[in-house]
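Using the sequences and the accompanying hints, generate a full structural model.
Protein chains: 2
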Amino acid sequence: MSITTEAALELGSVLAPRYDTNGLIVAVATHADSGDVLMVAWMNEEALKLTLSTGEAHYFSRSRSRLWRKGESSGQLQAVVEARIDCDQDSVWLKVRPQGDGCACHTGSRSCFYRLIEGGSWSGSSLSRDGGLISPTRSTPHDPQR
Amino acid sequence: MSITTEAALELGSVLAPRYDTNGLIVAVATHADSGDVLMVAWMNEEALKLTLSTGEAHYFSRSRSRLWRKGESSGQLQAVVEARIDCDQDSVWLKVRPQGDGCACHTGSRSCFYRLIEGGSWSGSSLSRDGGLISPTRSTPHDPQR
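So the protein lines, in turn, are chains A and B. Using numbering that gives the first Met the number 0, count along the first sequence one by one with no gaps and you end on 145. Using numbering that gives the first Met the number 0, count along the second sequence one by one with no gaps and you end on 145.
Each hint should be verified, as a subset may be incorrect.
[Claimed, not checked] Footprint (simulated), chain B over chain A, 3 or more residues, beta carbon under 8 Å:
1. 8-14
2. 22-29
3. 36-45
4. 55-67
5. 71-83
In case anyone wonders, no lab produced these hints; they're calculated from the structure. From the three backbone atoms N, C-alpha and C, an ideal C-beta is built for every residue, glycine too.
And the structure:
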């Protein structure tokens, strides 16, 4: 449905996602229990529709240029507990419960954001791994779309 | 610094953001205390450098095509408590404490994600406002870069 006014877009009750020139919107998945940001991915209209209709997170893989049912090969399905959209309807926030081994990242971490940026200045910045977001039981396969 | 291997990019300790063709990466800001996702925005290299060096969130305004010090006009500065980067270094997660009136959204809400997507199917989906993320004391000015 098209939205003709900024007020309707921002304050209304009509879902009217604003896809970018590639037909995508940003999707942020957080863990429904811990609140940790698990991953940032992209959705096209089909992925959003399937996410809402099935209750399982679907994304659009930019590297593969195809619909991506999260966990389709890894078993790391994401059960959607809650879905939100932001003020200008170009970003989606999903609260999910990861299935399978409970990880969300292809590196074997519970979250893709397992590294902290350290140091107060750019030149001094380096990354440190956060054990709390790394699964001690997983290897690190290299299929970015697991 | 350039990263030459996927392993170094994903498992290393070198900050090497992968900006898109527009020179931007996605930034997700969550509330350091509540864990709520406050906003999704974009950063260019300058915005990320300033965020890390000043401890205040800086973004790149795509609508204004310029650096955007969050809260520069609204007072809704975001004090950065923690910064993380994801596995393939194309998304940043900031844990922040909003300053000023404590809101993050130009609509006067504490979070830009003040609307839930209701309904189990696309055709049945509509939006409902979440009072918990809406400040009862704010009007809704229309400057998207406040």
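Checking each numbered hint in turn, tell me which of them this model violates, lowest number first. Those not satisfied come down to hint 4.
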